[in-house]
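Here's the letter readout for the chains.
2 protein chains.
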Amino acid sequence: MPKKATKPKRRLREKRTKGPKEIAKAIEEIAKKIVREINSSKDPIFVTKTRGRSNVSFDEKTGLIKLGKKTTARNFLNIGHARKFMQTMLVMAKTHEYLKENKTAAIREIYYELKHTLGESKENTFEDQSESDACIVDVEHAVDTIRERLNLHANPKGSLYGDITLRDRMHNNDTFNCLKLGRGGWSIMSRMEPEEIEIRKVNAKFVLVIETSAMYERLVEEGFAKKHKAILIGTGGQAARGTRRLIHRLRYEKKLPVIVFTDGDPYGWYIYSVIKQGSMALAAHSEYLACPDAKYIGMTLDDVERYNLENVTEKMKEGDIKRAKEMLDYAWFKTKEWQRQLKMAISKKIRIEQQALANKSLSFVADTYLPEKIKNKEFLD
Amino acid sequence: MPKKATKPKRRLREKRTKGPKEIAKAIEEIAKKIVREINSSKDPIFVTKTRGRSNVSFDEKTGLIKLGKKTTARNFLNIGHARKFMQTMLVMAKTHEYLKENKTAAIREIYYELKHTLGESKENTFEDQSESDACIVDVEHAVDTIRERLNLHANPKGSLYGDITLRDRMHNNDTFNCLKLGRGGWSIMSRMEPEEIEIRKVNAKFVLVIETSAMYERLVEEGFAKKHKAILIGTGGQAARGTRRLIHRLRYEKKLPVIVFTDGDPYGWYIYSVIKQGSMALAAHSEYLACPDAKYIGMTLDDVERYNLENVTEKMKEGDIKRAKEMLDYAWFKTKEWQRQLKMAISKKIRIEQQALANKSLSFVADTYLPEKIKNKEFLD
Chain W
1 MPKKATKPKR RLREKRTKGP KEIAKAIEEI AKKIVREINS SKDPIFVTKT
51 RGRSNVSFDE KTGLIKLGKK TTARNFLNIG HARKFMQTML VMAKTHEYLK
101 ENKTAAIREI YYELKHTLGE SKENTFEDQS ESDACIVDVE HAVDTIRERL
151 NLHANPKGSL YGDITLRDRM HNNDTFNCLK LGRGGWSIMS RMEPEEIEIR
201 KVNAKFVLVI ETSAMYERLV EEGFAKKHKA ILIGTGGQAA RGTRRLIHRL
251 RYEKKLPVIV FTDGDPYGWY IYSVIKQGSM ALAAHSEYLA CPDAKYIGMT
301 LDDVERYNLE NVTEKMKEGD IKRAKEMLDY AWFKTKEWQR QLKMAISKKI
351 RIEQQALANK SLSFVADTYL PEKIKNKEFL D
Chain R
1 MPKKATKPKR RLREKRTKGP KEIAKAIEEI AKKIVREINS SKDPIFVTKT
51 RGRSNVSFDE KTGLIKLGKK TTARNFLNIG HARKFMQTML VMAKTHEYLK
101 ENKTAAIREI YYELKHTLGE SKENTFEDQS ESDACIVDVE HAVDTIRERL
151 NLHANPKGSL YGDITLRDRM HNNDTFNCLK LGRGGWSIMS RMEPEEIEIR
201 KVNAKFVLVI ETSAMYERLV EEGFAKKHKA ILIGTGGQAA RGTRRLIHRL
251 RYEKKLPVIV FTDGDPYGWY IYSVIKQGSM ALAAHSEYLA CPDAKYIGMT
301 LDDVERYNLE NVTEKMKEGD IKRAKEMLDY AWFKTKEWQR QLKMAISKKI
351 RIEQQALANK SLSFVADTYL PEKIKNKEFL D
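As you go down the protein sequences, you meet chains W and R in turn. Residue 141 in my numbering sits at position 141 of the first sequence, and the numbers go up by one each step. Residue 88 in my numbering sits at position 88 of the second sequence, and the numbers go up by one each step.
What the hints contain is simulated information worked out from the structure, not anything from laboratory work. Computed from a predicted model, the values in this text were never measured in an experiment. Yeah, the Cβ is synthetic: ideal placement off N, Cα and C, and Gly gets one too. Keep in mind that the hints are not guaranteed to be accurate.
Listing some non-contacts, in silico: residues in chain R with all C-beta distances to chain W over 10 Å [unchecked claim]: (1) Ile30; (2) Arg83; (3) Tyr307.
Here are the simulated distance ranges between beta carbons [what the hints assert, rightly or not]: (4) R:Ala134 to W:Gln238: 27 to 33 Å; (5) R:Arg83 to W:Lys229: 56 to 62 Å; (6) W:Asp367 to R:Ser41: 42 to 48 Å; (7) R:Lys375 to W:Gly119: 34 to 40 Å; (8) W:Gln238 to R:Arg169: 31 to 37 Å; (9) R:Lys375 to W:Lys122: 32 to 38 Å.
Next up, chain W with everything else stripped away, as it sits in the complex (with noise of 0.2 Å):
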């Protein structure tokens, strides 16, 4: 086992997320702060967090991305300020209305519903989702909340497997074990918040992440789930939000320790450090999403001589190489370990895929592979 199922560390617990009425409660106050500007003639100030690299920073102590406290000010009366601060307002009303009418909506959904022309004008309230998505994490910043709380959420993706009991409380309650489902298993959720899905009991001793659908499916068809009491997460490439509050929320909830595997590539291993310490797009969240002692098993670059997998390695494309130059100077790859798979990528220019593994058989990844790094706890940290 890839340790016992301990705590994590307290530093680590999430923070305390609002409930709806506090977060309304909150844009309100915004919105408030606004009128009284407006009704004395002073220019409408809306305070959001400074995002970007110069805002962003690795903290050693919990392990996590984290956004500093940097703040940026926008006023209405500038103009290159005051069509944001247009937008703003309209993402924040309708988040408001969101949140006061019990509805839920993608981000792609609130884009459509506030696109319109202004007035006589020809001029648009947005002209590219890219607009309205730059908005609403601007108000999940002002108000101090994620996008899920606000009543959005991005596209579901990834599957869940393994004995695991979830309730729909939005649903009828339907509650149903995740591993009598076939073998197909669970479609992810967008929203995992536990107001919306309640985990009512795990019965495992880890949670296995793995990348790719095929190798999801893989190990649900030789039986690894049940053999060593896992949970199969399968997160069809880099993992979604719904996908990696579940996870989180296995490790934070259930106590469960989180195992990542992934092709042994730079994107690969981007994915698990996205479940790990998070990324830099969504600093400000990394208390809710990540996984900070989350462990990863392969594919390493090790792993092709020790299984004799030369045969079926792959070029790595430029970009890749590209991306793996960029890692090393991330501090959260500054480990010794990763420093010399990363260095290895870039000087061999080969990468390895999770599905090359059956060049051995087609139930080496389960029999072998994962079982004997999982006993020696092979992982990198």
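Dock chain R against the given chain W, drawing on the hints supplied.
Here is chain R on its own, set in the frame of chain W:
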């Protein structure tokens, strides 16, 4: 209702599919013939169907894209054929092994399983998955079956929601109702053959196939499935084979009409056409995968004016316009209505997404758009 739940026309019934033993036997027959040729010092020949446009046609009678009868012979002693001949033999032997040992594999797995260096040479059996994929199609055609029955499959994708009870015969006979799995629904598997997944019971009037995951979630959220007795299938873009097979089975086994709902652009319309008539790449398998009487509900470019969505259209990219022009020439888009629709796209250069309906209100699609069109039978055919 889109038409009463009538039986599909008899001529559209799917071909009887061969069982695993018959298929193994067919592979053995081909192998024996080749061995005989070798033993009598003849040039061994492998015969399969010719692919590509020259052998693909649209069958007006059945409404299916079909592969013709032209065959291609591959001679081992022809230096241009030898490598591919060797590869095909490897794939044939391996799928025969899968059938005998009751194993299944993803198409990427068989590629990796078979990839190795030949003897003392520096020659690899395969350099790229496209090579083994091509051999798989050749074996499918030579044996006259679908890859799922060679125990192969592609990646899974797609979600299922509604009052439908499935049983997974290969997984403890798990029996579950897809209306009782919370709002996530069931993850559709890559293999949806009746021998594995049995459709036990369906309580629905029609199947609604939805292009985007977000719209699928919206309709789940709005209670559309219950209110209108619909089975919802989210394809998440182009439908995966497993998803197409499930749609096909719901039409043919359960006699449910199939309605398709995609973005209003050439890509979305093509998704529809693949579900309805099949695709050129898989022309040989249309009978197993397609639903020639599926109906198209939207989005159409007429919806833009009808619902005042002018503000929320998007500009078509050059690639989309090119695609629309190609589609004008496809026999299965030769109906008056589709020609009009495609020409409108080409001249107006706009597209309209499903989620653009949120511009009216979040629930507009579920309360008004779909029910109105279904009631009035406003479909494109």
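I want to verify a distance hint. Is the separation of the beta carbons of R:Ala134 and W:Gln238 within 27 to 33 Å?
30 Å, holds
Range hint 32 to 38 Å: satisfied by the CB atoms of R:Lys375 and W:Lys122?
37 Å, holds
Minimum Cβ distance from R:Tyr307 to chain W greater than 10 Å, as the annotation requires
Per Cβ check, R:Tyr307 is outside 10 Å of chain W; nearest 12 Å; holds.
Quick check on a hinted range of 34 to 40 Å for R:Lys375 and W:Gly119, using CB atoms only.
36 Å Cβ-Cβ, so the 34 to 40 Å window holds.
10 Å Cβ clearance of R:Ile30 from chain W:
24 Å, holds
Would you say the C-beta atoms of R:Arg83 and W:Lys229 sit inside 56 to 62 Å of each other?
46 Å, violated
In this structure, is the beta-carbon distance linking W:Asp367 and R:Ser41 contained in 42 to 48 Å?
44 Å, holds
R:Arg83 non-interfacial with respect to chain W [C-beta, more than 10 Å]:
Answer for R:Arg83: holds, closest chain W Cβ roughly 17 Å.
When you take the CB atoms of W:Gln238 and R:Arg169, is the distance between them in 31 to 37 Å?
34 Å, holds
When held up to the earlier numbered hints, the structure conflicts with hint 5 and nothing else.
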